[in-house]
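These are the residues of each chain, in order.
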Amino acid sequence: MRIIDIDLTKRRVKVVEDSKLNQFLGGVSLATELFTKSCDPKVDPLSPENVIVFAIGPLTAAYPTAAKTVAMFKSPLNNELGESYAGGRLASAIRFSGYDGMIIRGKASHPVYIAIHDDSITIKNAELLWNLRSVFSVGRILRDAEPQGPGRRSFIRTGRAGDRLIKYSYVNVDNYRHFGRLGLGTVFGSKNLKAIVVEGTQDITFPDMKAYKKVYKTIFNHIKDSDDMDKYHILGTSAGIQPMNVIGGLPTRNFSSGRFEFADNISGEYFAENLLLRKIACSQCPVGCIHVAYLRIPYKKEEYDVETTFVPYDYELLYAVGSNLGIENASDVLRLIEITDRNGMDIITLGGILGWATDAFQQELITHKETMGVVFEYGSTMNYLTAIELIVRRANEFYETLGEGLDACVKKYGGKDFAIIIGGQTPAGYFTGPGSIIGHLIGQRHSHLCNAGYSYDQKHLGKELDYKDLVDSLVKEEQWRQVLNSLVVCLFARKVYNVSRSLESLNAIGLKISKKDLINLGQETYRKKNEWKIAAGQKMSVKHLADRLFSVESPHGYIEREFIQQAIDYYSELTSFPLE
Amino acid sequence: MPKKITVRHIERCVGCLCCVMACARERFNTLSVDQSAISVIAAGQTAYYSIVVCRGCKDPVCLRACPSGALRKRKGGGVILDKSKCDACGLCKDACIIGAIKLDSQNGMPIICIHCGLCVPFCPHGILEMEEVES
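First to last, the sequence lines map onto chains A and B. Note that numbering that gives the first Met the number 0 has the first sequence beginning at 0, numbered continuously upward. Note that numbering that gives the first Met the number 0 has the second sequence beginning at 0, numbered continuously upward.
Pulled out of the complex, with its shape left as it was, chain A reads as follows (with noise of 0.2 Å):
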């Protein structure tokens, strides 16, 4: 494996190189342990001891959908382990520059950007990129900047929230994709580093070309012919809007209901016949789930005067921003994510903090007072976009405990009751039942790729739960997606990429590896990634989940507080976690 280390305090770059790695094989697996070796638990993870790991998988750009980059840091917003993948083009940049991972460590005196072009690795000066107005701003210079490769490179970068420690800032990858959860951005901003650019002209030869070929060709083929990603690619992750609200479980109005009235409006239906604009691809994925709509706002209208932006949309964005605060048209659902995305904040933890802010409002929590005048009502898309200015503009104590996270909020204002916050963080949309919950919970990212929760509850529609079943098959569907995660592959290609697929993809390009070892890797992966949470101090709790979770009815019925801590003692058996 060959690993970039950078101390951004000293200014000092090496380059290493360690066959002792290779066992690790890539991805969440050597991130975890690059991660776990050189950042002590009880870290401040605003402090320049804090460490920032990202690595790529074998599969990384040799087949389809093999496009993501895993980073790893201690969180920000709930001092736990902050791991997070993105796709665009970074994982093949990386690859073809000739690297597995990288090591990004202290603080530079001032903002700093880190150019990578093949064995040249550069630390150089930011300060013109920090605090501008817009993310994509910083893409476009950097585009100038650093003008070779286009087409292979990639440009990472923070928005104006990562400059101002905004809790939960983002990473914005190539204009399109991030890495949105748990504040890598804020970590970003804390080490005065504001960008990453990626590019390299390596070429990579396999000993057995002709066997590489062979299977590549039988899973393009598979992803081309079969259906199983025929909803990434002909709606996106919002195909799932209608259904979720079907069933009733769309979060809507800060979790006050599964079901919104004006769920058709912003569907991934109406959003694929009136305002998409085109579709775009990771690198190496024939898949092309990115759906990207065009925002059209007019100003002096009697000029005919239009802004007009292009905003990519998700299912995860569409209930945050959109069912979760009452949003009841695309357009504005579409300019809620424009604001947010421009300013690089995640856009799941935002919508779930007005959501709080909503209720608290309205319940008197908090005043004009606070808010500056601003009313919080669900559906006001013009109020929600002034408030978002004010947190990134941190104007007064309010907003900035807004910015500080739902947790900060609740401390300071109170709202408990409607503060759906799960370990930590607010939770993905979707309020299917309890798997949701414990999966959220029990899942090392506290967020919905690592479990399967949403999914069991909607494969037991109807049917009585059994506690110990749903965590058996979270913790086993968790540590084989270590397994995926370590490849690196798109985890929405689970289901062409299964065990034999798998085995099949690292033998074509030289790597023997037994089942066992495989299966091995990710429970392996799985308990080291618990042992440093545990380290950090991190303990599983029932008690501060909001009384609205159990109040309001899900497909499954009111979810009962009882059956999730049953489920959480049983974890707390299997795994050693410590309860609170």
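One should not assume that every hint holds.
[What the hints assert, rightly or not] Below, a list of computed lysine to aspartate or glutamate pairs in the EDC-like style, where the Cα atoms sit at most 20 Å apart:
1. A/Lys-216 <-> B/Glu-25
2. A/Lys-216 <-> B/Glu-128
3. B/Lys-57 <-> B/Glu-130
4. A/Lys-475 <-> A/Asp-465
It should be emphasised that the hints constitute simulated quantities derived from the structure, not laboratory data.
For this one, chain A is given, so just place chain B on it according to the hints.
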């Protein structure tokens, strides 16, 4: 009738690079973005992708620019490179103003499309086609 490659529906390109990788893999036996006779150029947020590949000229400009006689006409348009005669001067690349000729970073020789069509089935949107050409 001989055939040549054509980019039929550029507006449909999603920028996946599957054609680029296919040329490198199927023709040049490597995993590469550069060792490929077809390129996909991104144009930032606001414009279409460009797919750059040999147009298959009947009277190729690149051939006329070659001082060492390393390029000869291909039946159906375009050129065939004779590596034994190539001096790696790069004049063919300069002559092709659409940018369809790249130079191999190892030996400086041109990487030119031979209109074999191996990339065509790997475009998920049917953008590339083999077109019959009157000889």
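How the hints compare with the structure:
The suggested pairing of A/Lys-216 with B/Glu-25 holds, with an alpha-carbon distance near 10 Å, which does not exceed 20 Å. Proposed proximity of A/Lys-216 and B/Glu-128 is supported: the alpha carbons are some 19 Å apart, at most 20 Å. Between B/Lys-57 and B/Glu-130, the direct Cα distance comes to roughly 14 Å. Compliance with the 20 Å bound is thereby established for this hinted pair. About 16 Å separates the Cα atoms of A/Lys-475 and A/Asp-465, which keeps this hinted pair within 20 Å; it holds.
Hint check: no violations occur; every hint is consistent with the structure.
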